[in-house]
Amino acid sequence: MTTLLLDASVLLAAFDPEDDHHEPARALLEDDAATLATLDLARYEVANVAVRAWRTPKSVAPLLTVIEKLADDGGILPSTSTLLTKAAEIAERDTISVYDAAYAAAADEGGHRLVSCDERDLVSKGLATLPASVRPGSAR
Amino acid sequence: MAKVMVSLPDDLLAEVDAEARRGGTTRSAVMREFADTALRRRREGRAAAMRSLLNDASPHGGRAAEQVKATRPGP
Numbered sequence: 001m002t003t004l005l006l007d008a009s010v011l012l013a014a015f016d017p018e019d020d021h022h023e024p025a026r027a028l029l030e031d032d033a034a035t036l037a038t039l040d041l042a043r044y045e046v047a048n049v050a051v052r053a054w055r056t057p058k059s060v061a062p063l064l065t066v067i068e069k070l071a072d073d074g075g076i077l078p079s080t081s082t083l084l085t086k087a088a089e090i091a092e093r094d095t096i097s098v099y100d101a102a103y104a105a106a107a108d109e110g111g112h113r114l115v116s117c118d119e120r121d122l123v124s125k126g127l128a129t130l131p132a133s134v135r136p137g138s139a140r
Numbered sequence: 141m142a143k144v145m146v147s148l149p150d151d152l153l154a155e156v157d158a159e160a161r162r163g164g165t166t167r168s169a170v171m172r173e174f175a176d177t178a179l180r181r182r183r184e185g186r187a188a189a190m191r192s193l194l195n196d197a198s199p200h201g202g203r204a205a206e207q208v209k210a211t212r213p214g215p
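Those protein sequence lines, which keep their order, are chains A and B. The numbering used here puts the first residue of the first sequence at 1, with every later residue one more than the last. The numbering used here puts the first residue of the second sequence at 141, with every later residue one more than the last.
There could be a bad hint or two in this list.
SDA-like cross-link-like pairs, simulated, lysine to any residue; straight-line CA separation at most 20 Å [what the hints assert, rightly or not]: (1) B/209 - A/51; (2) B/209 - A/130; (3) A/125 - A/94; (4) A/69 - B/191; (5) A/69 - B/180; (6) A/86 - A/37; (7) A/69 - A/43.
A partial selection of chain A residues facing chain B, derived with a Cβ cut-off under 8 Å [said to hold, decoys possible]: (8) 13; (9) 15; (10) 26; (11) 31; (12) 36; (13) 49; (14) 70; (15) 94; (16) 95; (17) 98; (18) 99; (19) 116; (20) 126.
Hints in this document: simulated from the structure, not taken from any laboratory. Where a beta carbon is used, it is the ideal one built from N, C-alpha and C, also for glycine.
All chains, please: the whole structure from these sequences, using the hints.
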């Protein structure tokens, strides 16, 4: 079974019915055939968006609860120095931020499949798959 | 199918072997079934929790990936 590593954009899209990726992102989180994980960075990123973009600080708690539920499933991977060193290499190679590259590095290190709504920097470069491209149960 | 070596406490192994005898199967089959059941229950628990949490979804304008980038610390 391949674990799906979700970046912050997927978690946020699942909470926002106005997002183009809302339905597939939500279906992914609710899929009981997939093993799901994320990176510890996602905690900061979802909280940042909830407070600074959505202007709804009360959204932070449920978003963080979603992440904690992933801890009970595929896990929350730590941003170690080894991981960030690899992320720096990916960032340089693919001209993306170390933040985005950290997810790609985590997926690569763990043999996971990265899922993201970031078409510009991750999906277009072959580093991630859109939520809609992951069929229910296909992670098994 | 991969073959692996697993270390188990003696009393746990005795329980696994007793379960295999009871079910007329092998030690490996029992451990496979237990692992599969435990992981499936974990996924099902997560999925059920998500269904409940996502009932509170509300509109925020979309563009999640762009919003993540826009709210990261600047250089």
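Hint-by-hint comparison with the structure:
Restraint check: the Cα-Cα separation between residue 209 of chain B and residue 51 of chain A comes to about 14 Å, which is no more than 20 Å; the hinted pair holds. About 17 Å separates the Cα atoms of residue 209 of chain B and residue 130 of chain A, which keeps this hinted pair within 20 Å; it holds. Annotation: proposed proximity of residue 125 of chain A to residue 94 of chain A holds, straight-line Cα distance about 8 Å (limit 20 Å). About 11 Å separates the Cα atoms of residue 69 of chain A and residue 191 of chain B, which keeps this hinted pair within 20 Å; it holds.
For a cut-off of 20 Å, the pair hint linking residue 69 of chain A to residue 180 of chain B stands: about 14 Å separates their Cα positions. A threshold of 20 Å between alpha carbons decides the hint, and for residue 86 of chain A with residue 37 of chain A the separation of about 19 Å falls inside it, so the pair holds. For the hint pairing residue 69 of chain A with residue 43 of chain A, the CA-to-CA distance comes to about 12 Å; that is within 20 Å, so the pair holds. Because the beta carbon of residue 13 of chain A sits about 4 Å from the nearest beta carbon in chain B, less than 8 Å, this interface hint is met.
The restraint placing residue 15 of chain A at the interface with chain B holds, with a minimum CB-CB distance near 5 Å, inside the 8 Å limit. For residue 26 of chain A, the interface hint holds, the least distance from its beta-carbon to any beta-carbon of chain B being 6 Å, beneath 8 Å. Given the 8 Å rule on beta carbons, the hint for residue 31 of chain A holds: about 6 Å separates it from the nearest Cβ of chain B. Below 8 Å, beta-carbon pairs count as interface contacts, and residue 36 of chain A has one with chain B at about 7 Å; its hint therefore holds.
Given hint, residue 49 of chain A at the interface with chain B, holds; its Cβ is 5 Å from that chain's nearest Cβ, closer than 8 Å. Of the supplied interface hints, the one on residue 70 of chain A holds, with its beta-carbon coming within about 7 Å of a beta-carbon of chain B, less than 8 Å. Nearest Cβ of chain B to the Cβ of residue 94 of chain A: about 15 Å, over the 8 Å cut. The hint is violated. Checking residue 95 of chain A against chain B by beta carbon gives a least distance of about 14 Å; that is not within 8 Å, so the hint is violated.
With its C-beta approaching chain B no nearer than about 10 Å, residue 98 of chain A sits outside the 8 Å limit, and its interface hint is violated. For residue 99 of chain A, the suggested interface contact is upheld, since its CB lies about 6 Å from the closest CB of chain B, less than 8 Å. Hint status for residue 116 of chain A relative to chain B: holds, with the closest Cβ pair at about 7 Å, below 8 Å. Contact between residue 126 of chain A and chain B, as hinted, is not supported at the beta carbon level, the nearest pair being about 16 Å apart and thus beyond 8 Å.
Consistency with the previously given hints fails for numbers 15, 16, 17, 20, ordered from lowest to highest.
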